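Protein chains in written order, with our numbering: chain U, 45 to 380; chain E, 45 to 380.
Keep in mind that the hints were calculated from the coordinates and are not lab data.
Watch out, some of these pointers could steer you wrong.
As the list claims (entries may be wrong) - Below, a sample of chain U positions facing chain E; criterion: calculated Cβ distance under 7 Å:
(1) I173
(2) E175
(3) T177
(4) S207
(5) I211
(6) E251
(7) T253
(8) N271
(9) A277
(10) A286
(11) G301
(12) F309
Claimed, not checked - Simulated restraints on C-beta separations:
(13) U/K299 / E/Y241: 49 to 57 Å
(14) E/K297 / U/E175: 20 to 28 Å
(15) E/G210 / U/S160: 23 to 31 Å
(16) E/K190 / U/S160: 27 to 35 Å
(17) E/K190 / U/E234: 17 to 25 Å
(18) E/D243 / U/N285: 23 to 31 Å
(19) E/R157 / U/D230: 36 to 44 Å
(20) U/K339 / E/E72: 17 to 25 Å
(21) U/D120 / E/D56: 56 to 64 Å
(22) U/S88 / E/K190: 37 to 45 Å
Keep in mind it's a predicted model, so treat the numbers as computed, not measured.
Beta carbons: idealized from backbone N, C-alpha and C, even for Gly.
2 protein chains.
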Amino acid sequence: MVKIAIDCMGGDYAPGPIVKGAELAVHENIAHVVLLGDEKAIKSYLSTSKDIEIVHTTAAVEMHESPSVALRKKKDSSMNKAFELLKAGHVDGVVTAGNSGAAMAFAIFTLGRLHSVDRPAIATLHPTIDEGTSVLIDSGGNVDCKPMHLVQFAIMGDAFAKSVLGIKRPRVVLLSNGEEETKGNDLTRETNILMKYMDINYIGYVEGTDIYNGRADVIVSDGFVGNVALKVAEGIADSLNAFFKKRITASIKNKMGYMFLKDVFQELSKKTDYSEYGGAPLLGVDGICIICHGKSNEKAIKNAIAMARKFAEKGLNQSIKETISGYQSINREKEK
Amino acid sequence: MVKIAIDCMGGDYAPGPIVKGAELAVHENIAHVVLLGDEKAIKSYLSTSKDIEIVHTTAAVEMHESPSVALRKKKDSSMNKAFELLKAGHVDGVVTAGNSGAAMAFAIFTLGRLHSVDRPAIATLHPTIDEGTSVLIDSGGNVDCKPMHLVQFAIMGDAFAKSVLGIKRPRVVLLSNGEEETKGNDLTRETNILMKYMDINYIGYVEGTDIYNGRADVIVSDGFVGNVALKVAEGIADSLNAFFKKRITASIKNKMGYMFLKDVFQELSKKTDYSEYGGAPLLGVDGICIICHGKSNEKAIKNAIAMARKFAEKGLNQSIKETISGYQSINREKEK
């Protein structure tokens, strides 16, 4: 069974839900875990210490700390120590709900980038209306991208969709402000040209509507735009939950209606609940790293550990490496 | 009563719902209208010709025509003829559900820009969870913006929120990938600095989640990002409607639940229905112009006409002019 290192000091409610989620994963035989953080605090949330390794650390990265400051001053943090365990081969992956910018910085610093990847990127998973899953890459972190960065996101997203989601020929698209080639901005227009030379199933531009309607498997975007798209969706899910919560309890009639439709509301709530996916993989670093939402509850952490296990077992990074090197050899053939 | 020119040949389903929506507006005494387009086609949808002026035109801008091509070849289109009527003072505003890029191009060409506005921008209205309305500017059209363009969007959005929404001191924000000043991209970081010198209630960065939660009144963004945000929201609304539609009719139990919660679903559907707002004003051109969704139905057109009337009566453009010139005189004072 794989072993996952958990940064217990990262997240808005850490360490409680992080520790409990990890314990849940152990109880459900999802993975072995190593918990990193303040040992006393961690133990106060553990109901048993069976099969649970703890590595005591004293420093923690703050949620709003600048990544560059964290990188300089917090090398002995629970977050970076988790990456060091992965680098040393003691674990198969890292899960953190901490400061995502700092997690990217430490992952790059400690694990290193995969060969030919300039900017590792966060891939988020989204439910589509046809019961599928779409991948949005980059969902945060990489702002002011160059066309070649977006091409690399496309390659990584393509490999991810193939190896982890099992899609044979993922439909890869660029997120834009319209479908026609005349739309887009300087970045997407240049990328659009480059994408046509790639050995991937690139089908052009899509709009924001297309993240959820199943038209595409891999949606490629600059991290600024991807993050806005992600947060708009999250904001609507929150508004929707608040809307129904307020009204469903407003009258006996509405409560009756809710009783009849309970299954439907539960299904919706599951679909819009990020904790179902657990977290988002950071692609392009040399090791499995799952970055969770700062507000992660124990279910999210458990599911993120399951995700890390799946990626480790499927050899995700090996697939990305092979895809990139395969692409490079194709180019070398063309150059001959 | 104000008089509004309607481009009857623009929109995915034109001219049917456009003509019917205009007739509805006349019957409800919202405004006088002038219908522009193929006279025979228009008349085939009119149930009465009472109070309805028709200007026959032969050319129409196609929905996916390049704006620059339209600008060169379609000066006698129903769309541009509507702007010409406005320019000549025969009407008080224009409503079009046609090609929005072409509408921007013709509005700028025929009406001209307001003094000191480099790039007119589309402002969309969004319902917030606290029953308010937020304004997202620019929601499409202006890609690859410079910081000064975003500052101008902020000035126009501020004037709009004051004069039309009646908000005394609108909270103006920049859409970004995080709240901290260290977040953002090159464009938002430069704009963030400029915004602090403005005589507006600028409160910093917000994330995509904040478009709907009532934290801000005016959300400023490059048109590429704004369009993605808008379309993500639209995509989720569509997915949500499809989700409930499928499930509510799936069983007797679910149908019963729907009966009890009918009011709630109708309220939700109203909140997520763009046709309730009618359209989006193009700010920064010298005249009232409402751009509607290509899929507009007759209710959307009627509401867009009501919106045009409201803006004309409130003297929206006068407010924008005064705000901009006021800001300029403040700066001149400072320079002394």
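Each hint tested on the structure:
Here the hint on U/I173 is kept, as its CB sits about 5 Å from the closest CB of chain E, short of 7 Å. For U/E175, the interface hint is violated, since its Cβ never comes within 7 Å of a Cβ in chain E; the closest pair sits about 11 Å apart. The interface hint given for U/T177 is violated, since its Cβ lies 14 Å from the closest Cβ of chain E, which is over the 7 Å cut-off. With a least beta-carbon distance of about 27 Å to chain E, the hint placing U/S207 at the interface is violated under the 7 Å criterion.
The restraint placing U/I211 at the interface with chain E is violated, with a minimum CB-CB distance near 20 Å, outside the 7 Å limit. A least Cβ separation of about 4 Å between U/E251 and chain E falls short of the 7 Å threshold, and the interface hint therefore holds. Taking 7 Å as the C-beta cut-off, the interface hint given for U/T253 holds, the closest approach to chain E being about 3 Å. For U/N271, the interface hint holds, the least distance from its beta-carbon to any beta-carbon of chain E being 4 Å, beneath 7 Å.
Taking 7 Å as the C-beta contact cut-off toward chain E, the hint placing U/A277 at the interface holds, the least distance being around 6 Å. Residue-level restraint check for U/A286 holds (minimum Cβ-Cβ distance to chain E is 6 Å; threshold 7 Å). Interface hint status for U/G301: upheld, as the beta-carbon distance to the closest one in chain E is roughly 3 Å, under 7 Å. The closest approach between the C-beta of U/F309 and any C-beta of chain E is roughly 9 Å, which is over the 7 Å cut-off, so the hint fails.
Checked against the hint of 49 to 57 Å, the C-beta distance between U/K299 and E/Y241 comes to roughly 53 Å, which is consistent with it. For E/K297 paired with U/E175, a C-beta distance near 22 Å keeps the hint of 20 to 28 Å intact. Between E/G210 and U/S160 the CB atoms are about 56 Å apart, so this pair departs from the stated range of 23 to 31 Å. About 33 Å separates the C-beta atoms of E/K190 and U/S160, a value consistent with the hinted range of 27 to 35 Å.
Separated by about 19 Å at the C-beta atoms, E/K190 and U/E234 satisfy the suggested range of 17 to 25 Å. With their beta carbons about 38 Å apart, E/D243 and U/N285 fall outside the hinted range of 23 to 31 Å. Take E/R157 and U/D230: their Cβ atoms lie about 23 Å apart, and the range 36 to 44 Å is violated. At roughly 47 Å, the beta-carbon separation of U/K339 and E/E72 lies outside the given 17 to 25 Å, and the hint is violated.
Take U/D120 and E/D56: their Cβ atoms lie about 60 Å apart, and the range 56 to 64 Å holds. The supplied range of 37 to 45 Å is broken by U/S88 and E/K190, whose beta-carbon atoms lie about 53 Å from each other.
In terms of the numbered hints stated before, the structure departs from hints 2, 3, 4, 5, 12, 15, 18, 19, 20, 22, listed from lowest to highest.
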